[in-house]
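K.L.:
Chains Z and L, in that order, are what the protein sequence lines are. Once you know that position 19 of the first sequence is 19 in the working numbering, the rest is easy, because the numbers rise by one and skip nothing. Once you know that position 173 of the second sequence is 173 in the working numbering, the rest is easy, because the numbers rise by one and skip nothing.
Honestly, I wouldn't trust all of these hints.
The calculated lysine to any residue pairs, modelled on SDA-like cross-linking and capped at a C-alpha distance of 25 Å, are [claimed, not checked]:
(1) Z:Lys115 with L:Ser143
(2) Z:Lys115 with L:Phe130
(3) Z:Lys115 with L:Pro127
(4) Z:Lys115 with L:Leu194
(5) Z:Lys115 with Z:Arg78
(6) Z:Lys115 with L:Pro40
(7) Z:Lys115 with L:Leu199
(8) Z:Lys115 with L:Ala120
(9) Z:Lys234 with Z:Asp190
(10) Z:Lys115 with L:Pro150
(11) Z:Lys234 with Z:Asp201
(12) Z:Lys115 with L:Leu138
(13) Z:Lys115 with L:Leu125
(14) Z:Lys115 with L:Ala28
(15) Z:Lys234 with Z:Asp28
(16) Z:Lys115 with L:Leu140
(17) Z:Lys115 with L:Cys124
(18) Z:Lys115 with Z:Arg132
(19) Z:Lys115 with L:Ala128
(20) Z:Lys115 with L:Arg137
(21) Z:Lys115 with L:Ala57
(22) Z:Lys115 with L:Leu88
(23) Z:Lys115 with L:Glu122
(24) Z:Lys115 with Z:Ala97
(25) Z:Lys115 with L:Gly90
(26) Z:Lys115 with L:Val146
(27) Z:Lys115 with L:Leu141
(28) Z:Lys115 with L:Leu78
(29) Z:Lys115 with L:Arg158
(30) Z:Lys115 with L:Leu133
(31) Z:Lys115 with L:Glu192
(32) Z:Lys115 with L:Ala189
Don't read these hints as lab results, they were simulated from the structure.
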Amino acid sequence: MSIDPEVRIDPEVRIDFADVHVRLGTRDVLRGVTASLPERRVGVVGANGSGKSTLARLINGLALPTFGSVTVLGLDTRRQAARIRRRVGFLFTDPDAQIVMPTVAEDVAFSLRRKGLAREEVDRRVTEVLSRYGLAGHADHPAHHLSGGQKQLLALCAVMVLEPDILVMDEPTTLLDLRHSRQVAALLRDMPQQVVVVTHDLPLLADFDRVLVLDEGRVVADGSPQEAIGHYRKLMA
Amino acid sequence: MNGLTGAYVPGSSVLHRLPAGVKLAGLALACTALVLLRTPLALAAAAVVAAALYALARVGVAAAWAQIRPVRWFAVALFVMQLIFAGLDGAISTTLRVVLAVALAGLVTLTTRTGAMMAALERCLSPARFVGLDPFRLSLLLSLTVRSVPVVAGLAARVREAQRARGVERSLRAFAVPLVVSSLRHADALGEALSARGLDD
Numbered sequence: 001m002s003i004d005p006e007v008r009i010d011p012e013v014r015i016d017f018a019d020v021h022v023r024l025g026t027r028d029v030l031r032g033v034t035a036s037l038p039e040r041r042v043g044v045v046g047a048n049g050s051g052k053s054t055l056a057r058l059i060n061g062l063a064l065p066t067f068g069s070v071t072v073l074g075l076d077t078r079r080q081a082a083r084i085r086r087r088v089g090f091l092f093t094d095p096d097a098q099i100v101m102p103t104v105a106e107d108v109a110f111s112l113r114r115k116g117l118a119r120e121e122v123d124r125r126v127t128e129v130l131s132r133y134g135l136a137g138h139a140d141h142p143a144h145h146l147s148g149g150q151k152q153l154l155a156l157c158a159v160m161v162l163e164p165d166i167l168v169m170d171e172p173t174t175l176l177d178l179r180h181s182r183q184v185a186a187l188l189r190d191m192p193q194q195v196v197v198v199t200h201d202l203p204l205l206a207d208f209d210r211v212l213v214l215d216e217g218r219v220v221a222d223g224s225p226q227e228a229i230g231h232y233r234k235l236m237a
Numbered sequence: 001m002n003g004l005t006g007a008y009v010p011g012s013s014v015l016h017r018l019p020a021g022v023k024l025a026g027l028a029l030a031c032t033a034l035v036l037l038r039t040p041l042a043l044a045a046a047a048v049v050a051a052a053l054y055a056l057a058r059v060g061v062a063a064a065w066a067q068i069r070p071v072r073w074f075a076v077a078l079f080v081m082q083l084i085f086a087g088l089d090g091a092i093s094t095t096l097r098v099v100l101a102v103a104l105a106g107l108v109t110l111t112t113r114t115g116a117m118m119a120a121l122e123r124c125l126s127p128a129r130f131v132g133l134d135p136f137r138l139s140l141l142l143s144l145t146v147r148s149v150p151v152v153a154g155l156a157a158r159v160r161e162a163q164r165a166r167g168v169e170r171s172l173r174a175f176a177v178p179l180v181v182s183s184l185r186h187a188d189a190l191g192e193a194l195s196a197r198g199l200d201d
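Go ahead and model the full structure; you've got the sequences and the hints to work with.
P.N.:
Below, the structure is given as structure tokens:
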């Protein structure tokens, strides 16, 4: 594996999987994953059922290892999941499952409910994040009237308003058309956060710093997008 | 769907600017007054007041009708039942009471953001802390209930489409089973999303 040292970010901002096994019922979803991820943009690919979504969920403690450990920003996901979730944003495939409030601005503001901020500050942050992702004109619109792409952007706003250190995305472009997929790809390029993206959308990972390939719960390739995606294509042939 | 989903209609009227707590207290008082009004004439006067409040809120006729529309058949059935058992005066009074209460509640949801409503409810429910309940979670429960209406309606529409595509439109089982399964899946995903947004600590 060859990773350009230039793409390494703050050494504190990193994710470590140490011999992680996850068993769900009688099925071994992950079988001994060990990886340290200091790069800014990391992609994860693999066939359906290969364990890649579980790997993503491990990062903010939505899933816990059966054996082994996951450390994020120096915190153990098994014991400090709540602290980790305050610093790790998670974007799911289906934005409908993430939208909690009836209108766009209210849903973004909802993320800040437990921050104890003054109303003016909440409004300022909500307006700023909606403008950044092109939803300023929809602030008072019912969230369920948005298109699929706009809903995904809303879900992203609800995460980004919390200014997370790490953003984990589970198949963020699966339900999007080409234009919105490209918009998400462009947004990913500009994000200062560390980003981990699980996807089947291989072009999305073209300029990523590192890509892991999972097969039957194991990391079978790990390196630059060209190397890893080449391996994945052979695996799927 | 507006009436059921509590969709807020943006505006700057006096009613929009009133604090949510004041509107909820006003709604409680108005509903009590509706029960105390005995004659159809007094209730007709209350209907004029409700119409004036809608005009004051400037939410539009379509939004106003959307509040009453879901209960129109219930109102007709209620009127007929009351006509049989309580006479014409009783039927008019009871039906007007129910329709006006729904209309006034709708007016509160049309002019109040859900966030403001949740904050007001949280304050009202703060004594619940003494019996170990979290007011934030209670108000969140209400908000999620409101939010779930269009989501479940969307799931039902998808299931109906799938039924049509497979030619089993009349099977209740073929409608209910996938709807329940997809609703439970949605509930699971929503719970996970709330955890991911840090709302489980």
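K.L.:
All hints are to be evaluated individually against the structure, with a verdict given for each.
P.N.:
Here is how each hint holds up against the structure:
Our distance criterion of 25 Å between C-alpha atoms is met by Lys115 (chain Z) and Ser143 (chain L), whose separation comes to about 19 Å. The straight-line distance between the Cα atoms of Lys115 (chain Z) and Phe130 (chain L) is roughly 23 Å, inside the 25 Å bound, and the hint therefore holds. A C-alpha spacing of about 22 Å is found between Lys115 (chain Z) and Pro127 (chain L), which places the hinted pair at or below 25 Å, so the restraint holds. This hinted pair checks out: Lys115 (chain Z) and Leu194 (chain L) have alpha carbons roughly 15 Å apart, not beyond 25 Å.
For the suggested pair Lys115 (chain Z) and Arg78 (chain Z), the alpha carbons sit about 24 Å apart, so the restraint of at most 25 Å is met. Distance restraint check for Lys115 (chain Z) and Pro40 (chain L): the Cα-Cα separation of roughly 51 Å exceeds the 25 Å cut-off, and the hinted pair is therefore not satisfied. Only pairs whose Cα atoms come within 25 Å are accepted, and Lys115 (chain Z) paired with Leu199 (chain L) is accepted, the gap being roughly 11 Å. Our distance criterion of 25 Å between C-alpha atoms is met by Lys115 (chain Z) and Ala120 (chain L), whose separation comes to about 18 Å.
Pair hint Lys234 (chain Z) plus Asp190 (chain Z) does not hold up; C-alpha atoms about 31 Å apart against a cutoff of 25 Å. As the CA atoms of Lys115 (chain Z) and Pro150 (chain L) are separated by approximately 29 Å, the hinted pair breaks the 25 Å bound. At roughly 16 Å between alpha-carbon atoms, Lys234 (chain Z) and Asp201 (chain Z) fall within 25 Å of each other, so this suggested pair holds. Taking the CA atoms of Lys115 (chain Z) and Leu138 (chain L), the gap is about 18 Å. The hint holds against a cut of 25 Å.
Annotation: proposed proximity of Lys115 (chain Z) to Leu125 (chain L) holds, straight-line Cα distance about 20 Å (limit 25 Å). With a CA separation close to 31 Å, the supplied pair Lys115 (chain Z) and Ala28 (chain L) exceeds the 25 Å bound. Distance restraint check for Lys234 (chain Z) and Asp28 (chain Z): the Cα-Cα separation of roughly 24 Å lies within the 25 Å cut-off, and the hinted pair is therefore satisfied. Distance check on the hinted pair: Lys115 (chain Z) and Leu140 (chain L) sit about 16 Å apart at the alpha-carbon level, within 25 Å; holds.
Between Lys115 (chain Z) and Cys124 (chain L), the direct Cα distance comes to roughly 21 Å. Compliance with the 25 Å bound is thereby established for this hinted pair. Proximity of Lys115 (chain Z) to Arg132 (chain Z) is assessed by CA-CA distance (about 21 Å); at most 25 Å being required, the pair is judged to hold. For the proposed pair Lys115 (chain Z) and Ala128 (chain L), the alpha carbon gap of about 22 Å is at most 25 Å, so the pair holds. Straight-line distance between C-alpha atoms of Lys115 (chain Z) and Arg137 (chain L) comes to about 15 Å, which keeps the hinted pair within the 25 Å bound.
For the hint pairing Lys115 (chain Z) with Ala57 (chain L), the CA-to-CA distance comes to about 32 Å; that exceeds 25 Å, so the pair is violated. Distance restraint check for Lys115 (chain Z) and Leu88 (chain L): the Cα-Cα separation of roughly 56 Å exceeds the 25 Å cut-off, and the hinted pair is therefore not satisfied. Using a Cα cut-off of 25 Å, the hinted pair Lys115 (chain Z) and Glu122 (chain L) holds, with the two alpha carbons roughly 16 Å apart. With a CA separation close to 22 Å, the supplied pair Lys115 (chain Z) and Ala97 (chain Z) stays within the 25 Å bound.
Proposed proximity of Lys115 (chain Z) and Gly90 (chain L) is contradicted: the alpha carbons are some 52 Å apart, above 25 Å. Pair hint Lys115 (chain Z) plus Val146 (chain L) holds up; C-alpha atoms about 24 Å apart against a cutoff of 25 Å. Distance hint between Lys115 (chain Z) and Leu141 (chain L) is fulfilled; the C-alpha atoms sit about 19 Å from each other, no more than 25 Å. Annotation: proposed proximity of Lys115 (chain Z) to Leu78 (chain L) is violated, straight-line Cα distance about 47 Å (limit 25 Å).
Restraint check for Lys115 (chain Z) and Arg158 (chain L): not satisfied, since their Cα atoms lie roughly 37 Å apart, outside the 25 Å limit. Note on Lys115 (chain Z) and Leu133 (chain L): the hinted pairing holds, with a Cα-Cα distance of about 20 Å set against a maximum of 25 Å. With a CA separation close to 20 Å, the supplied pair Lys115 (chain Z) and Glu192 (chain L) stays within the 25 Å bound. For the hint pairing Lys115 (chain Z) with Ala189 (chain L), the CA-to-CA distance comes to about 24 Å; that is within 25 Å, so the pair holds.
In this structure, the earlier hints numbered 6, 9, 10, 14, 21, 22, 25, 28, 29 are contradicted, and the remaining ones agree with it.
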